[in-house]
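S.K.: Per UniProt numbering, the sequence shown starts with residue 1, numbered consecutively.
Quick caveat, the hints were computed from the structure, so don't treat them as lab data. Take these hints with a grain of salt, some might be off.
[Unchecked claim] Here are the simulated DMTMM-like cross-link-like pairs (lysine to aspartate or glutamate), alpha carbons at most 25 Å apart as the crow flies:
#1 Lys-349 to Asp-91
#2 Lys-705 to Asp-25
#3 Lys-734 to Glu-48
#4 Lys-266 to Asp-397
#5 Lys-200 to Asp-159
#6 Lys-557 to Glu-48
#7 Lys-228 to Asp-376
#8 Lys-408 to Asp-397
#9 Lys-394 to Glu-740
#10 Lys-703 to Asp-660
#11 Lys-703 to Asp-775
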Amino acid sequence: MGPRKRATFLLLLFLHSVTCALIDDYVKTEGAWLFSLNKYFYTTTSDEECAGKCDGETRFICRSFLYSSKDQQCVTSADNQRTATVYRRTDAVLHEKKVYLAECKRGNGVEYRGTQSKTAKGVTCQQWSSTKPHMPNITPEKFPNAGLESNFCRNPDSDAKGPWCYTTDPTLRFDYCNIQDCEEDCMHCSGENYKGSVSKTESGYECQNWDSQTPHSHGYKPEILPEKDLKKNYCRNPDGEPRPWCFTTNPNKRWEHCSIPRCATKPHPETPGLQCLTGNGQSYVGSIAVTVSGKACQAWSAQSPHVHSRTPENYPCKSLDKNYCRNPDGETRPWCYTTDPATRWEYCKIPSCEESPPTEVAMIPQFIPASPECYDGTGASYRGMVATTVSGKKCQDWMSDTPHSHLKKPNSFPNAGLEKNYCRNPDGDSSPWCYTMDPSVRWEYCNLQKCQGTVVIEQRPIKTTRTPSNKPASTPSPANDGSGQDCKVGKGETYRGRISTTTGRHTCQAWSSQYPQVHSSFTPQSHPEAGLEGNYCRNPDGDINGPWCYITTPGDKKWDYCDIPKCASTEEKCGIQKNAPRGCFGRVVGGCVSNPHSWPWQISLRTSFNLHFCGGTLVSDQWVLTATHCLERSSNPAAYRVTLGIHRENGNEPSKQVRDVIQIHKGPLRADIALLKLSSPVVYTDEVQPICLPSNRYMVPDKAKCYVTGWGETQGTGGEGFLKEAGFPVIENKVCNRPEYLNGKVSSKELCAGHIHGGTDSCQGDSGGPLVCHDGEKYVLQGVTSWGLGCAQPMKPGVYVRVSMFIDWIEETMKNN
1 MGPRKRATFL LLLFLHSVTC ALIDDYVKTE GAWLFSLNKY FYTTTSDEEC AGKCDGETRF
61 ICRSFLYSSK DQQCVTSADN QRTATVYRRT DAVLHEKKVY LAECKRGNGV EYRGTQSKTA
121 KGVTCQQWSS TKPHMPNITP EKFPNAGLES NFCRNPDSDA KGPWCYTTDP TLRFDYCNIQ
181 DCEEDCMHCS GENYKGSVSK TESGYECQNW DSQTPHSHGY KPEILPEKDL KKNYCRNPDG
241 EPRPWCFTTN PNKRWEHCSI PRCATKPHPE TPGLQCLTGN GQSYVGSIAV TVSGKACQAW
301 SAQSPHVHSR TPENYPCKSL DKNYCRNPDG ETRPWCYTTD PATRWEYCKI PSCEESPPTE
361 VAMIPQFIPA SPECYDGTGA SYRGMVATTV SGKKCQDWMS DTPHSHLKKP NSFPNAGLEK
421 NYCRNPDGDS SPWCYTMDPS VRWEYCNLQK CQGTVVIEQR PIKTTRTPSN KPASTPSPAN
481 DGSGQDCKVG KGETYRGRIS TTTGRHTCQA WSSQYPQVHS SFTPQSHPEA GLEGNYCRNP
541 DGDINGPWCY ITTPGDKKWD YCDIPKCAST EEKCGIQKNA PRGCFGRVVG GCVSNPHSWP
601 WQISLRTSFN LHFCGGTLVS DQWVLTATHC LERSSNPAAY RVTLGIHREN GNEPSKQVRD
661 VIQIHKGPLR ADIALLKLSS PVVYTDEVQP ICLPSNRYMV PDKAKCYVTG WGETQGTGGE
721 GFLKEAGFPV IENKVCNRPE YLNGKVSSKE LCAGHIHGGT DSCQGDSGGP LVCHDGEKYV
781 LQGVTSWGLG CAQPMKPGVY VRVSMFIDWI EETMKNN
């Protein structure tokens with residue numbers, strides 16, 4: 001390389017590193033638009049270029065910028081989310097300078113640029129540019145780089161005691177502000193918001209990366225819990241422990257707490273104390289000290305009759321006063337340890353802050369049609385229970401302002417069905433959407449398709465192997481990659497069909513045209529491989545929501561999405577049912593009667609005399625998965641029979657199929673899992689379908705919503721004789737193995753699921769049956785019902801064999817037999 005070329009190369013490299021450094025100084029939020037009166041518009045070709053405009057802004061102090069790649073619009077702003085309202089908007093990305101978002105100080109706070117404007121005594125600060133009531137020595141003119149704007153607390157003179165301000169009290173010239181320390185080298189409370197880089201435990205073990213499953217498999221996945229900031233191998237507290245912790249790199253030590261000192265300053269209160277119940281009751285500070293069953297609460301500072309770690313010292317910010325009911329660790333509602341040695345803890349009954357608290361309705365065995373998991377029109381009437389976006393992100397609860405503050409609350413949109421975190425369309429958008437639990441993505445459209453009438457599942461040829469749904473999708477074959485067809489695969493980047501009208505009924509503008517929409521980012525020349533011919537809908541930028549185009553309608557809106565249907569899959573289907581499930585997530589003991597044939601992989605394992613005694617799951621046309629302990633009565637396959645396609649336990653239905661068992665294969669290492677080979681392949685119908693298997697060693701995320709089904713013991717809750725279902729969350733083994741739960745009895749080849757307060761569980765007769773979890777558009781078998789301590793008992797969740805740990809054995813057994 002010659003000297004001139006080398007100099008040019010080094011200059012480009014330097015400029016690239018500078019722009020990247022600029023972007024690193026900002027917090028990025030996709031799908032967000034800031035309402036600001038003090039702003040300026042530019043046309044730029046990248047967010048890096050826009051960051052340069054913000055950094056060089058001379059009209060005002062630029063705290064943030066907005067960038068739209070399709071519009072090539074850059075907007076610099078004097079505001080951020082602390083001073084202005086944030087709205088959702090398609091293809092808008094909000095970048096906010098980190099220094100102006102941080103409401104904490106490092107060191108003596110010289111760099112503090114937050115918005116606190118009251119002193120430690122509660123006195124309002126005087127404007128830095130004002131001369132009343134105090135004539136200042138320090139002014140914006142004398143200290144132009146000290147951030148002396150408005151009346152915010154600052155430390156322009158490097159005072160050792162930290163940020164201060166002149167006050168509006170004529171008798172008090174200045175006062176210090178109570179700015180908390182940033183949680184980098186220390187922690188507030190129990191370290192729930194700790195963002196530091198400590199990566200060793202108190203015993204000196206190196207922490208395992210959160211995105212790794214070696215040496216310890218776990219369900220705390222960064223992509224599933226983006227709000228927990230599970231970066232690299234840094235100590236964090238995602239689950240309500242007394243302090244941050246991590247999985248260790250020592251194979252013999254699964255996890256351990258980290259040694260992080262408490263910050264010297266006190267944190268600002270998260271929420272005002274309430275005397276009534278709202279949400280999960282973490283803000284409750286009332287004086288109720290009795291449980292739902294009438295037991296007196298044990299004092300939080302006491303260790304008798306129950307030894308525990310939920311002490312005022314470990315949870316200094318949770319108001320653990322006396323023996324009052326509290327929620328220090330993110331349970332579903334306030335609770336306490338009891339003074340009864342036989343009952344470790346129970347929930348408390350706290351009056352609701354709502355005028356008319358909802359009453360719990362007893363579950364009765366009746367058929368209630370489920371909302372279809374598709375939408376009509378724009379989806380304004382959709383009332384299903386999908387709570388996942390197109391990119392797989394979990395939806396934020398509509399009542400919550402974390403991680404995204406918003407105005408779409410149930411009381412403001414009473415007819416929009418804004419329940420829990422379910423996908424909805426309260427504002428007339430093109431399809432259902434939700435705010436996401438990812439702090440960097442404000443909102444996304446949901447993983448839903450338009451209803452196309454009755455879904456018909458074709459009969460498929462018999463196969464002996466199948467690709468598990470959790471494995472990475474293979475590259476679409478040329479015959480079905482959406483090219484040349486008016487359907488899309490995935491995000492539609494390979495779509496080459498001829499649709500040229502958008503969801504808003506606009507005609508697409510030719511990609512080579514600059515009228516009426518002027519653009520340069522997406523042209524046939526800039527993206528020669530993207531198929532930008534004519535005015536057809538395309539996806540040159542990999543937009544998660546699919547193909548789009550610039551529109552020929554003049555106005556503020558320059559572009560719109562296209563409604564391209566998904567291409568039909570050529571692979572064998574699994575985990576998909578024609579009849580929508582009822583989705584009974586909550587109060588099978590205490591569950592509800594399923595919609596008929598909505599779990600078509602459920603089988604009944606029977607004696608040769610046709611008596612049901614266990615459940616099982618159809619995983620292939622000739623193979624059923626069940627529990628080994630269901631086969632203790634005989635080692636002879638002829639002693640067992642499998643019934644499929646039924647809803648009633650008596651099995652007298654036209655859809656019923658019956659097969660004898662000809663082979664029994666028990667799982668390795670005495671695991672409670674077994675494969676049964678049927679006497680002949682089943683016929684796939686609407687009532688008989690196989691379930692999908694997970695990928696090898698896949699770990700179900702903590703709190704994932706899953707379902708169990710069965711005809712087992714209901715303990716007087718109703719629904720006897722009908723297939724029942726119950727939905728509840730997965731409980732990470734780390735939590736499930738706590739002394740108050742199952743006390744270390746759950747192995748890595750098992751998983752827990754259930755409500756900690758009891759009331760819902762699998763029971764006798766459900767053994768061997770499925771625990772299935774929704775994964776995109778299908779259900780995946782994650783567990784085989786195995787054991788539990790009683791049925792639906794508080795603090796005793798059900799235990800299931802972790803199917804993903806036996807994928808190699810399952811596939812090998814079916815292949816070789």
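S.K.: All the hints need checking, so say for each whether the structure fits it.
M.R.: Going down the list of hints, with the structure as the test:
1. Lys-349 to Asp-91: 45 Å, violated
2. Lys-705 to Asp-25: 36 Å, violated
3. Lys-734 to Glu-48: Distance ~42 Å between Lys-734 and Glu-48 Cα, so the pair is violated.
4. Lys-266 to Asp-397: 29 Å, violated
5. Lys-200 to Asp-159: Violated, because 34 Å separates the two Cα atoms, which is more than 25 Å.
6. Lys-557 to Glu-48: Holds, at roughly 24 Å.
7. Lys-228 to Asp-376: Not satisfied, since the Cα-Cα distance of roughly 35 Å exceeds 25 Å.
8. Lys-408 to Asp-397: Roughly 11 Å between the alpha carbons, so the hint for Lys-408 and Asp-397 holds.
9. Lys-394 to Glu-740: 29 Å, violated
10. Lys-703 to Asp-660: 38 Å, violated
11. Lys-703 to Asp-775: Between Lys-703 and Asp-775 the Cα gap is close to 14 Å, so the pair holds against 25 Å.
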